[in-house]
Amino acid sequence: MFDFLDLDRYDLFGAFWTTVQLTVFSAIGSLILGTLLAAMRVSPVPVMRAFGTAYVHIFRNTPLTLIIVACSQLLALTLGMTMWADVGTDTMGFRLAVLGFVVYTSTFVCEAVRSGINTVPVGQAEAARALGLSFAQVLTMIVLPQAFRSVVAPLANVLIALTKNTTVAAAIGVSEAALLMRDMIEQEAQLVPIATLFAFGFIVLTLPTGLLLGRLSKRVAVKR
Amino acid sequence: MSNLSVLYDAPGPRARRRNVYYAIGFLAVLVGGAWWLVSTLQDKGQLEWSQWEPFFTDSRVWTTFLLPGLENTLIAAGLSMAIALPLGALLGIGRLSDHWWVRVPAGAIVEFFRAIPVLLLMLFANEAYALWTDVDRSVRPLYAVVTGLVLYNASVLAEVVRAGVLSLPKGQADAARAVGMRKGQLMLYVLLPQAVTAMLPAIVSQLVVIVKDTALGGALLGYSELLGSVGLIDGNYANLLAAFAVVAVLYIVLNFLLTSFASWLEGRIRRGKRSTGAVLTTDMNEEMAMAGDVPGATDGAAGGGGPGRT
Numbered sequence: 003m004f005d006f007l008d009l010d011r012y013d014l015f016g017a018f019w020t021t022v023q024l025t026v027f028s029a030i031g032s033l034i035l036g037t038l039l040a041a042m043r044v045s046p047v048p049v050m051r052a053f054g055t056a057y058v059h060i061f062r063n064t065p066l067t068l069i070i071v072a073c074s075q076l077l078a079l080t081l082g083m084t085m086w087a088d089v090g091t092d093t094m095g096f097r098l099a100v101l102g103f104v105v106y107t108s109t110f111v112c113e114a115v116r117s118g119i120n121t122v123p124v125g126q127a128e129a130a131r132a133l134g135l136s137f138a139q140v141l142t143m144i145v146l147p148q149a150f151r152s153v154v155a156p157l158a159n160v161l162i163a164l165t166k167n168t169t170v171a172a173a174i175g176v177s178e179a180a181l182l183m184r185d186m187i188e189q190e191a192q193l194v195p196i197a198t199l200f201a202f203g204f205i206v207l208t209l210p211t212g213l214l215l216g217r218l219s220k221r222v223a224v225k226r
Numbered sequence: 248m249s250n251l252s253v254l255y256d257a258p259g260p261r262a263r264r265r266n267v268y269y270a271i272g273f274l275a276v277l278v279g280g281a282w283w284l285v286s287t288l289q290d291k292g293q294l295e296w297s298q299w300e301p302f303f304t305d306s307r308v309w310t311t312f313l314l315p316g317l318e319n320t321l322i323a324a325g326l327s328m329a330i331a332l333p334l335g336a337l338l339g340i341g342r343l344s345d346h347w348w349v350r351v352p353a354g355a356i357v358e359f360f361r362a363i364p365v366l367l368l369m370l371f372a373n374e375a376y377a378l379w380t381d382v383d384r385s386v387r388p389l390y391a392v393v394t395g396l397v398l399y400n401a402s403v404l405a406e407v408v409r410a411g412v413l414s415l416p417k418g419q420a421d422a423a424r425a426v427g428m429r430k431g432q433l434m435l436y437v438l439l440p441q442a443v444t445a446m447l448p449a450i451v452s453q454l455v456v457i458v459k460d461t462a463l464g465g466a467l468l469g470y471s472e473l474l475g476s477v478g479l480i481d482g483n484y485a486n487l488l489a490a491f492a493v494v495a496v497l498y499i500v501l502n503f504l505l506t507s508f509a510s511w512l513e514g515r516i517r518r519g520k521r522s523t524g525a526v527l528t529t530d531m532n533e534e535m536a537m538a539g540d541v542p543g544a545t546d547g548a549a550g551g552g553g554p555g556r557t
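Chains as they are written, first to last, in my numbering: chain A, 3 to 226; chain B, 248 to 557.
I should point out that these hints are in silico values taken from the structure, not numbers from a laboratory. Just so it is clear, CB atoms sit at the ideal spot from N, CA and C, and this is done for glycine as well. Take the hints with a grain of salt, since some may be wrong.
Only pairs whose alpha carbons sit at most 30 Å apart, straight line, appear in this in silico DSS-like list of lysine-lysine [unchecked claim]:
#, chain 1, residue 1, chain 2, residue 2
1, A, K225, B, K430
2, A, K220, B, K417
3, B, K430, B, K417
Covered by chain A, per the in silico footprint, the following chain B stretches (three or more residues, Cβ under 8 Å) [stated by the list, open to error]:
#, segment
4, 281-295
5, 314-326
6, 359-372
7, 462-474
8, 487-498
From just these sequences and the hints, can you work out the full model?
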């Protein structure tokens with residue numbers, strides 16, 4: 003039944019490894035950018051607030067596929083921003099895909115962090131201000147640490163969504179799992195076993211993430 | 248802490264001056280970035296008026312490429328919504344059933360399809376239709392896109408429905424039972440109508456996901472929707488940036504209309520009924536969010552935490 007599984011011909015583990023790498027790099031990038039955006043959206047400077055709001059609304063309502071395809075066709079092929087990789091190589095596609103995922107996913111991270119800030123009791127920030135801390139100090143030393151502890155579960159959901167979203171990189175030819183699946187179901191006449199195999203692969207990737215981070219979220223939650 | 252100004256004091260003269268410096272610094276960075284972008288675009292000739300002109304002067308861009316693309320996007324999204332919403336409600340209620348032979352299969356279906364990328368479902372459906380049905384080649388991508396979107400989003404919506412019903416105060420179900428309602432009546436006349444109000448924000452963010460995900464069909468299945476029209480326009484007018492920009496704006500406007508309609512509807516429903524106070528916040532309902540984990544679901548009197556997967 004599994005005779006289609008010719009590992010010399012189809013680099014199954016390599017494809018899923020690419021998926022994992024895409025997820026990890028994009029997750030780190032969007033966590034940083036998303037937190038910055040959240041800080042901007044609650045900052046006392048109106049220009050930063052406006053920028054943060056506009057960014058989130060624009061990119062959250064644009065299809066991820068459009069962002070990824072635009073990264074490849076517009077940024078790389080038309081404008082020549084190849085992310086310090088040779089044109090047309092797999093590295094270039096990979097880096098562009100990570101860029102696109104970061105741009106898109108950071109909007110969801112931003113919203114999650116911002117709602118985490120909302121769960122911190124007002125008294126915390128008031129007490130910090132009473133001590134004479136500045137906005138940056140209040141945010142980085144008092145509010146954000148507590149906010150992050152309350153948004154582990156939502157951020158885990160964003161991470162799981164990102165894992166599944168990395169399949170969109172197939173649209174610009176990054177050789178990750180979805181692209182391999184498309185090749186395989188075209189070449190081999192065994193649709194159901196192949197599809198089951200890839201579905202299983204993604205369940206293996208997403209299920210432990212959800213369980214582990216779910217446990218972590220309970221452990222680090224601020225008891226109130 | 249919904250009033251975020253608690254994070255900083257009302258600015259005095261020094262703070263105000265400092266904020267102005269911050270604003271100037273930030274603007275400088277923004278303008279620098281924009282200038283670099285514009286000059287790069289200028290070098291590549293993407294900003295010339297001739298590139299953008301067709302969208303304003305040549306109606307054929309709209310009638311030949313954009314509007315048919317938009318129509319196909321709307322068809323795929325509309326069909327998927329029309330099928331996924333009732334199916335999701337059924338699956339969600341099924342998971343709450345008292346009978347294990349309803350509850351377990353419904354749970355298995357929901358958990359399975361929620362864990363798989365929607366693109367894999369589309370690819371599978373596309374090939375499955377080709378192999379086992381005589382669906383015509385020309386409509387096969389549409390079928391595949393709708394099938395993938397329905398399977399995935401119905402599962403997510405099922406979780407939203409379940410979370411909404413569970414977030415209602417327990418007294419509602421108790422009272423309905425006390426007046427002698429059967430289980431079906433209890434769900435249909437008491438729980439679901441209230442849950443819908445509470446769930447509306449989460450449901451709408453899922454509908455936005457459906458609209459956005461139709462673009463996958465254009466990129467990978469050859470479904471000629473809005474994103475697919477970018478390539479066609481660029482092929483005819485050689486204006487890639489302009490085509491991408493216009494199409495992105497169309498998507499954003501479409502989703503904005505959907506969101507505004509929903510908040511209008513929500514306001515209408517809320518005004519008409521006394522709320523139970525159970526509200527699912529949409530803020531963190533990331534598109535594939537496990538609805539049960541949405542904080543705010545626990546704000547309902549049901550308490551005890553959402554029915555999360557953890």
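Checked hints:
1. A threshold of 30 Å between alpha carbons decides the hint, and for K225 (chain A) with K430 (chain B) the separation of about 37 Å lies outside it, so the pair is violated.
2. The suggested pairing of K220 (chain A) with K417 (chain B) holds, with an alpha-carbon distance near 25 Å, which does not exceed 30 Å.
3. For the suggested pair K430 (chain B) and K417 (chain B), the alpha carbons sit about 14 Å apart, so the restraint of at most 30 Å is met.
4. Coverage of a stretch by a chain is defined here by at least three residues with a beta carbon nearer than 8 Å to that chain's beta carbons; for the segment 281-295 of chain B and chain A the count is 4, and the condition holds.
5. A count of 0 residues in the segment 314-326 of chain B with a Cβ less than 8 Å from any Cβ of chain A is obtained; the coverage claim is therefore unmet, three being the minimum.
6. Look at the segment 359-372 of chain B against chain A: 9 of its residues bring a Cβ nearer than 8 Å to a Cβ of that chain, three or more, so the hint holds.
7. With a threshold of 8 Å between beta carbons, the proposed coverage of the segment 462-474 of chain B by chain A holds, since 6 of its residues qualify and at least three are required.
8. Beta-carbon proximity to chain A at under 8 Å applies to 6 residues in the segment 487-498 of chain B; the threshold of 3 is reached and the given coverage holds.
Consistency note: the structure conflicts with the earlier hints numbered 1, 5.
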